[in-house]
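Number of protein chains: 2
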Amino acid sequence: MAKTAITPTRQENYPEWYQQVVRAADMAESSPVRGCMVIKPWGYALWENIQRTLDDMFKATGHRNAYFPLFIPKSFLEKEAEHVEGFAKECAVVTHHRLIEGADGGLIPDPDAKLDEPLIVRPTSEMIIGDAFSRWVESYRDLPLLINQWANVVRWELRTRLFLRTSEFLWQEGHTAHATKEEAVEETLKMLDVYVDFAENWMALPVIKGKKSEGEKFPGAVDTYTFEPMMQDRKALQAGTSHFLGQNFAKAQDIEFLDADGERKHAWTTSWGVSTRLIGGLIMAHADDDGLVLPPKLAPAHVVILPITFKADDPQKVIDYCNNLATELRQLYYHGRRIEVEVDTRDLRGGDKNWEWVKKGVPIRLEVGPRDMADDAVFMARRDKSPKEKQSVPRQQFVEQLTQYLDEMQQALFDRAKAHRDEHMRGFKDREKFYKFFTPKNKEQPEIHGGFALAHWCGDEDVAAKVQKDLGVTIRCIPFTDPLGEEGEGRCIFTGKPSPKRVVWAKSY
Amino acid sequence: MAKTAITPTRQENYPEWYQQVVRAADMAESSPVRGCMVIKPWGYALWENIQRTLDDMFKATGHRNAYFPLFIPKSFLEKEAEHVEGFAKECAVVTHHRLIEGADGGLIPDPDAKLDEPLIVRPTSEMIIGDAFSRWVESYRDLPLLINQWANVVRWELRTRLFLRTSEFLWQEGHTAHATKEEAVEETLKMLDVYVDFAENWMALPVIKGKKSEGEKFPGAVDTYTFEPMMQDRKALQAGTSHFLGQNFAKAQDIEFLDADGERKHAWTTSWGVSTRLIGGLIMAHADDDGLVLPPKLAPAHVVILPITFKADDPQKVIDYCNNLATELRQLYYHGRRIEVEVDTRDLRGGDKNWEWVKKGVPIRLEVGPRDMADDAVFMARRDKSPKEKQSVPRQQFVEQLTQYLDEMQQALFDRAKAHRDEHMRGFKDREKFYKFFTPKNKEQPEIHGGFALAHWCGDEDVAAKVQKDLGVTIRCIPFTDPLGEEGEGRCIFTGKPSPKRVVWAKSY
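As you go down the protein sequences, you meet chains A and B in turn.
Letter by letter, the first sequence follows residues 136 to 644 of my numbering.
Letter by letter, the second sequence follows residues 136 to 644 of my numbering.
There could be a bad hint or two in this list.
The list treats identical chains as one, so a pair stands whether inside a single copy or across any two.
[Stated by the list, open to error] Cross-link-like lysine-lysine pairs, in silico, DSSO-like; alpha carbons within 27 Å at most:
{"no.": "1", "residue 1": "K214", "residue 2": "K249"}
{"no.": "2", "residue 1": "K249", "residue 2": "K224"}
{"no.": "3", "residue 1": "K194", "residue 2": "K488"}
{"no.": "4", "residue 1": "K568", "residue 2": "K632"}
{"no.": "5", "residue 1": "K194", "residue 2": "K494"}
{"no.": "6", "residue 1": "K386", "residue 2": "K352"}
{"no.": "7", "residue 1": "K568", "residue 2": "K604"}
{"no.": "8", "residue 1": "K578", "residue 2": "K604"}
Hints were generated in silico from the structure; no laboratory data involved.
Bound conformation, chain A alone (with noise of 0.2 Å):
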């Protein structure tokens, strides 16, 4: 078998595959702080890009951004009962506000400085937003009113994964208030769009959307709907959600108006949110036993250069070649962004060079010797392409074709999820063959299952938590089409009840 960059391989292991990833293009890191990550430069600079992205899709459909309290008053949190019981039993507490020298000569927090009542970090900002919404919803003429915030929130986890799960996160939420229940639907389901063309367009991303069951949904919320792409190891994950709160939130929190009929109303809500769990998703989907692989829409950088000097009379006539082809390149835009250019003129060898992007993902690499320069072109290499196959492309067609490359390569990683995702997808009429698509082959690769299973459900939570326990398997959604292409009613392949649809089942990050 070959040698490849990371160790393990995904087949050998992929949770510790996936952690040597993102080690390995130096992402990300767990810090000294329980369950809090840091992002490092190169995790971070990919994340600009995804708000980047998203922040222009969002203002493109009308909304502005704000900011509210990083803090909740733990009153808040109490008015909306689901809500509650979803946030409490996972959250950061303060309850002083000051450190005083104890007994033994370190800091305690002071008796006298406790407060009146304890604040929360928040978990998420339904509670504190609804409450500015309350002063500022007046009248029907004050609505739709559209507001996303860039924020970091907190839930306590114990068992923290990289970008996938950790105990503080970056995202974003949308808080939306509208004067009908039909323009709050409309919304909900406009940004779930929005994700989508978001997922599949620049993260490559193939993902089923639909609506979540009632025990997968928001605590909260009327209606939970998601997109869900599969991983490498055939789970699902779920990269966001968008909720129609109905008016739940509206009456916990008094956000009424004046209609245009004279009469006062609650309003309808709507919120909607994504996470630097996308990151990990982008990963656990295109990365290769070789490490990183970014999507050019979204690399921090699209070109690395790497200028090979050692066989050369005079070195800095290469770095010079290089250089110049950078500034070249840098002029040119490849969907709204310039593009971004590395080269790399480190005192390293060639080969560790080379690794050490192949590992960062980085879309297209360089290498330019002599040789090259007296040719007029450039080695290339695609990363999503074995690493050893390279071709001498001429400086001027490589300059000018470059934009496609991006595109091709693109589209090639969401063609490759997507041929990945429909192989390990199946229909199922019959509750044994459900359960054997479930079962790993071998129990040391836990995560090697059938993939997402197309299945009747009669609806009854009980069947589903059964499915929980026995499997680890939950409904990821209720599609608003069936990705199979089997539209219709059928019966339960557990209880033989009638259902109206097929709904998606599979293990999930």
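Dock chain B against chain A, hints included.
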């Protein structure tokens, strides 16, 4: 006296005027969480422009963004003695990670979920970023390490004021590590210059830059540098700071590297930051008795177009004319950003609309009615001039000269602020006159005092403490160059002892 849009006026009650400007421009509001504000869309859009501009500057000087944990373990804070002294007395302390139902049915912190070690919500991140640096830095090849973080921080404040002083605020904090003292000092001063460039050329705020005296520097720093503009009430604003930390933090946190000479050494570090406080400074420096005045380079909208339709035979024609003009203007760029245009077609009285945009500080307002349309002209008002000063400009001329109008206004704001400062800055050789300069003429208007005083000081902190106690006046900085051009040695006006140069004294925010 003319009616003004803001009540009270600056003369009548400056602190209250400030609050009313913020409110009238709809930039921010207090929240139910003590000391924490809500930054509303108009205020946040200004912050986004500040962020984007500074972020570009930081990147152009080689810095990369990253993200570090919100929480700092108590033991980390204890590592640097001066630092802990500075922050322990006003911090938010997290002690529990769960709420449970208490005896009275309300939620209480779960005694079984008490943290072994309390966590502090970061008041600044030297200690947590330094911990990461200690892992990231091994050899001189890893230096310099140039990192910036955009984040929220919390310093518990009892007396707060929107933007200027809040318990939670948004900021950026640069943190860098270097192999030599010289490089670290150079970085500290380079970032000070970046800030000064931003303040003067983007915020239109003339500033005095210099070094903080020992008594005013950052807890744990060797040297703190500052840049301070004068507000309209003649007080100084500490707009931001850049700290040379020497090896203090590197020693407290084991940031060591193997140098080229084979020896292990401690790194030299810096940190530097500006915050949402800048917005408070911008308001206090430029706003007038009619509300906010925005420097064009940072304005969330450069132009607002008000269709005047009440006399129009066909109102839609006027609106179409305005929308077409807006579309044309949005193709233009102004200092790297597209021209932002609002077209206000709301069903409100024209005068109300006009005043709303005056209060929001939009640089250029255009009124367009049927007569203007017939002339193919616009009726233009510039926010830094009297609201009554409007002129008709041919449409084509307006489009061609828009960026020039904006540049003129940007310069006019700077010039006005500089004239104000220069008018209220004086040198003193005499203690009595110095004291009189800072004594309010009228007890009901304590803000009306002299302004900035330049006076020799012997360097004795007790002398500075006495002045602060007597007058509420502090040493704002030891300026690099004397702002009134009177360089050189002299004698302390309080003690008669020798002094190397004059320092800047002022009341401050």
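Hints, verified against the model:
no., hint, result
1, K214 <-> K249, "both (23 Å within a copy, 24 Å between copies)"
2, K249 <-> K224, "both (21 Å within a copy, 13 Å between copies)"
3, K194 <-> K488, "between (40 Å within a copy, 23 Å between copies)"
4, K568 <-> K632, "within (18 Å within a copy, 94 Å between copies)"
5, K194 <-> K494, "between (34 Å within a copy, 24 Å between copies)"
6, K386 <-> K352, "within (19 Å within a copy, 50 Å between copies)"
7, K568 <-> K604, "within (17 Å within a copy, 83 Å between copies)"
8, K578 <-> K604, "within (17 Å within a copy, 74 Å between copies)"
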